[in-house]
Structures are given as structure tokens and as C-alpha cells.
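*Asks:* Each chain, letter by letter, is given below.
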Amino acid sequence: MITAMADTALSVRGLCKSFGALSVAQAINIDLLRGARVGLIGPNGAGKTTLVNLLTGTLPADASSILLNGNAIGGLTPEARVRRGLARTHQINTLLNETTVRDNVAIAIAERDGIAWRFLRFRRCWRTCLDEAQERLNELGIGHAAERTVAELPYGEQRMLEIAIALALRPSVLLLDEPAAGVPSREAHVIHDALDRLSSDIAVLMIEHDMDLVFRFAREIVVLVQGRVLTRGAPAEIAADPQVRAVYLGRSAA
Amino acid sequence: MSEPLADKGLAAVAPSLRLPSAWHLLPWALALLFYFTAGGYLSLGTHVLIMILFALSLDLALGQAGIITLGHAALFGFGAYAAGIFAAHLSNDPLLGLAVATVLTGLFGALVGMLILHTAGVTLMMLTLAISALLAEIANQAHGLTGGDDGLQVGRMAPLFGLFRFDLWGHTAYLYVLAVLFLWSLVAWRIMRSPFGRSLDGIRQNPRRMRAIGTPVWRRLVVAYGLSAAMAGTAGALEAQTTRAVGLGALSVLASGTVLVMLILGGTRRYYGAFLGASVYVVVQNFAAQIDPFRWMFIIGILLMAVVLFLENGLMGLADVVRRALLAVQRRSGG
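Sequence order for the protein chains is A and B. Residue numbering for the first sequence follows our numbering, beginning at 665 and increasing consecutively. Residue numbering for the second sequence follows our numbering, beginning at 115 and increasing consecutively.
Treat the hints as calculated values from the structure; they're not laboratory data. Ideal Cβ positions, reconstructed from N, Cα and C, are used throughout, including at glycine. Mixed in with the good hints there might be a few duds.
With the Cβ distance kept under 8 Å, some of the chain A side facing chain B (calculated, not the full set) [unchecked claim]:
(1) G734
(2) R752
(3) L760
(4) T763
Sample of chain B residues with no beta-carbon within 12 Å of chain A, all distances over it, derived [what the hints assert, rightly or not]:
(5) S157
(6) L210
(7) A234
(8) D263
(9) R279
(10) A302
(11) G328
(12) L368
(13) A403
(14) F412
(15) M419
(16) L423
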């Protein structure tokens, strides 16, 4: 797939990582165009979360070329990658549990706008952060919980807060690590709806076990097996691929 | 909309911030009242003020930023020796000495922070302990500069602003220390409520979350530790200038433990916890030692056990209990 550089939000070439003899990522190539909706699926232990950690830099890659909006970010720290526009959510809630929901988002906004170093003359800009945080929460339908601490929040709303914080960073690339993990299916539609409404400027890579969600959300699906891209294509092609059925869908289709 | 919103956001950080603003004058009013009524206890009061500053600096590092340290006295002692040596060899101007000791200790803290703050938990605790042990041994060996075991005698300070002489009864010393504590406590208050302080609180709760929003965690901790060190250095310098002596005890692990007990007694992350904890500790220690000079540690020990076992967050937790009770009474009579 050859496209103009300007439209490629994230371009990954030859991403490799192994722990001793165990190879968890073998020459993975992934392209995310602006506005992409790519689903990453694969059986347990395929290396999906590892891939997210390699992209964010939480885990150092053995070899790779990662371009974010045309700039190499492979040598940057995880924090620096975030500031360049690569945001993620976590499979397991990673939030400030003693802090209020609104402050969780406002702290992220302060960080994004570079005012988090301030301890003088902050009153006005912090207020702006709080107002914007409230807006983000309202958009995702958890504005009513803004003043509660995270620990008091129901699990499903904590999952939404993970997404709210990532969006508050105004990323160009968003990595969603099982956004609906652990949410009962009758409540998951709230998360599905929120994901449907994501801005078309953001390129999204989603890991998800919930096949309904992946097939509804993604326009392209990448199948990862033992650290290797088995195949990729449109959801309909993947669903019909006998190879994929064998390694992954087989169990649920049977 | 934005006005009440912002205020609620601030109050949500720590319930203690919800005090009506006039109440914040109370500790300073009490401190001034003490000045006029203390009599022979004035120098004890000066010591309390210095310990409050020291505990407040620990609260910034430990309470706010979650930097687990068993060696905070290294910074207090560094400031004390810096001020003492500066006074002995260069100038006995108190403000100049205080400024130099503060800046040097702050830089020392930032430098140490760069070395150790990529670690956390028990590793960090051991490193802080090791650094304070190293510093104590250096002070012990550098006899020519520090007086080693014999301690360092500090000559009398020059008059403050060239006007106010440091008198034998400690009047000038008390007001001098009070003014410095007031200035630092304003700084600490700002830090706590600022975006910077909130990011430190975030790092304490969950460094992974902070990295995921782009916080340069290590750099921010280094700055926090440097600020905390500067504050502790000021406290040490004040101790050296007002008692006119510095001993190896200022650097000891025991001193680190003592300030930790003060802070936990008062309550961490509560701002006034440092004020309350240091005051109660020094006063109880003083009177318990008068009653029984050999077993006063028992009383401190029992007090600490009672506080950590029965109160949620030190003596400030007691204040919460009282306030909740008052609110309940108010609601009942109102409704």
C-alpha cells in the first residue's frame, strides 16, 4: 500500500523483540493512515499488548523504524512519544485513584499544554484545564461523575475515563488496549458508541477480544499469531479466511 | 460556570483545604502569642518552628511526591554545616549565610536526586539511607572543616539587616525563624495547589499513568527533591545560626527518623500536619523528658502507636473527626 507520507499517521517497519529465545514480535509492519480504524486480534499470548508497549516505548524494541507523522520516534522516551501525539489506554485501569475524575483529565490537559511545571501564576490556566476536562467528560457521558474520586467510580465509567484522558491529550494516533475489557456486554454498548464517535482525524489501533466490537469498529483487521502478522484485510475477508478461523475464530465458531 | 467549578476542583485535592481562609491565620496568631508569653521557653519555640520547616520539606518529598526517604536529615545537616562553615570562614551575615546554605543544599539535593530518583520503593529508601551515612562519615572525617566529633562552633551572627542583634533570650532568633518559616510555607502552599504539585501527587499515586500522559517523571521528581532539599537546608541553617553549634547528630539516621515520626504524627499530605506533628512532638518530648529524662521515648512511642492505629491520617485525622462531628450537629439543629 503506497500512500502519500502526509496521510500516514503511524508507520512501523521491522519491529522486532525477543526475550531470550522467545520471540514476541517478528518483523512487524503496520501502517495507520489518518483516520484509520485498525483492529488487532489474535489468540492469547500472540503479543498484542506487547506490541502496544513496544509502540509506546514502555518496552524497548530490539529493532524497529517507527515514524509518527513522518518523524522517527523510535529513540524517544515513552513520555516524549506521548507529547508527539501517541496516546494509549490501558487494558487494566491505570488511573489516579485518590484524585477526582475531573482532575484526572485536567492533569493530562495541563501536561499536554506544558503548564504542568508551573507553581506560580497558574490559577487562570488551571481553571481553563478544569473547564476543558469537564467538556471532555460531558462528551463521553461521564460528566455527572466529575467530582467523585476514581475509586468511587463504577468500573465501566473508569474504562470511559481511560479513554477520556487519552482523548484529552489530542493525539494523532490512539492505541486502545481492550477498551471494553471486563465490562459486562449489556453495558459495553456505551463504550462502543463513544468509540464510534471518535474524531476522523485520529488514527486508531484497537486490540480487542470482543469480536462484535472489533468487527463493528475496524475497517481493517490485522491478525497477530506468535508475534507475527498472520494476515490482514477488511473485516469480511478476515471473517471468511479459513486460516484465521483455524487459529483464532475456530474455537468460537465451532 | 468556571468560577465555582475551579474552586471545587481545588478543594477536592485535600479536604483540609476547605478551611475558611481566616482559619489559616490561626497558627501564625498562636506563634505570635507565644512570642509574648513564652518567657524561658522561647528557644524551645524556635526549635519547634525549625522542626516544622523540616517536616514541611519532608512532606513535599514524601507526602506529595511519594519519594520514600530515610535520609532526609542528610539535607538538614548539609544546610546546617553549610551555614556553620560559611559563618566561620566567610561572613557572619545571617541572611547571606541562609541564602547560600539554602541554594547549596537545593543543588546538592537535585544532584543526589538525579542519581537516585530513577529508583523507587525499598531501593530508594536504601539509597537515601546510604547517602546520609556517607555524608555523616565525611563530616566526621573532615575534622578541620566541621570539627568532626567535637562539633562545629558557630560564632555569633551579625545583627539582622544590621539593626536587630541576636539577643541572649532569643527574641530576634524566634522572629527571624518565624518569618523564614512563613515565607517557605507560602511557597509550599503554592506548590501544593499548583499544576506542578498535582503532577507530583499523580506520580506518587501512579507513575505509569503519569508517563502515559507525557509527564517526564524523573525530571519532575528531581525538581521536587531539589525544592524539598532547599527547604530542609534552610531549616538546618536556621538551627546552626540560632543554636550556634552544629553536631554530627544533625546528619544522623536518628534525626531522619525523628522528622518522619513528626510528619506521620501530624499527618502527611495535609499541610498543617507538619505544623501539628512537629509542635506536639517537641512539646511532648520536652515535658516527658522533664518528668523522666531516661524514659521519655516511651511516651513518644505510645503516642505514635495510638495515632497510627486509631487515626486515619495522623493528628490531622483527629481534626477531621471533630469537624465531621460539628457538621453533624449543625445539620441536626439546622434540619
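*Asks:* According to the definition I'm using, a residue is off the interface if its beta carbon is farther than 12 Å from all beta carbons of the partner; does B/L368 meet that for chain A?
*Replies:* 32 Å, holds
*Asks:* Compute the least Cβ-Cβ separation between B/F412 and chain A, then decide whether it is above 12 Å.
*Replies:* Correct as stated: the minimum Cβ-Cβ distance to chain A is 35 Å, above 12 Å.
*Asks:* Confirm or reject the statement that B/S157 sits farther than 12 Å, beta carbon to beta carbon, from all of chain A.
*Replies:* 33 Å, holds
*Asks:* Would you say B/D263 is clear of chain A, with no C-beta pair closer than or equal to 12 Å?
*Replies:* 41 Å, holds
*Asks:* With chain B as the partner, please determine if A/L760 meets the hint condition of a C-beta pair closer than 8 Å.
*Replies:* 5 Å, holds
*Asks:* Quick check on A/T763 please, does its C-beta sit within 8 Å of some C-beta on chain B?
*Replies:* Hint on A/T763: holds, closest Cβ of chain B at ~7 Å, below 8 Å.
*Asks:* Minimum Cβ distance from A/G734 to chain B below 8 Å?
*Replies:* Violated, because the Cβ-Cβ distance from A/G734 to chain B comes to roughly 20 Å (cut-off 8 Å).
*Asks:* Is the nearest CB of chain A more than 12 Å from the CB of B/A234?
*Replies:* 16 Å, holds
*Asks:* For B/G328, which was marked as not at the interface, is the minimum beta-carbon distance to chain A over 12 Å?
*Replies:* Per Cβ check, B/G328 is inside 12 Å of chain A; nearest 4 Å; violated.
*Asks:* At 12 Å, judged by beta carbons, does B/L210 keep clear of chain A as stated?
*Replies:* B/L210 clear of chain A: closest Cβ-Cβ about 25 Å, beyond 12 Å.
*Asks:* Was B/A403 rightly flagged as not at the interface, with every chain A Cβ beyond 12 Å?
*Replies:* 38 Å, holds
*Asks:* Is it the case that B/M419 keeps its Cβ farther than 12 Å from each residue Cβ in chain A?
*Replies:* 25 Å, holds
Of the numbered hints stated above, those contradicted by the structure are hints 1, 10 and 11, listed in ascending order.
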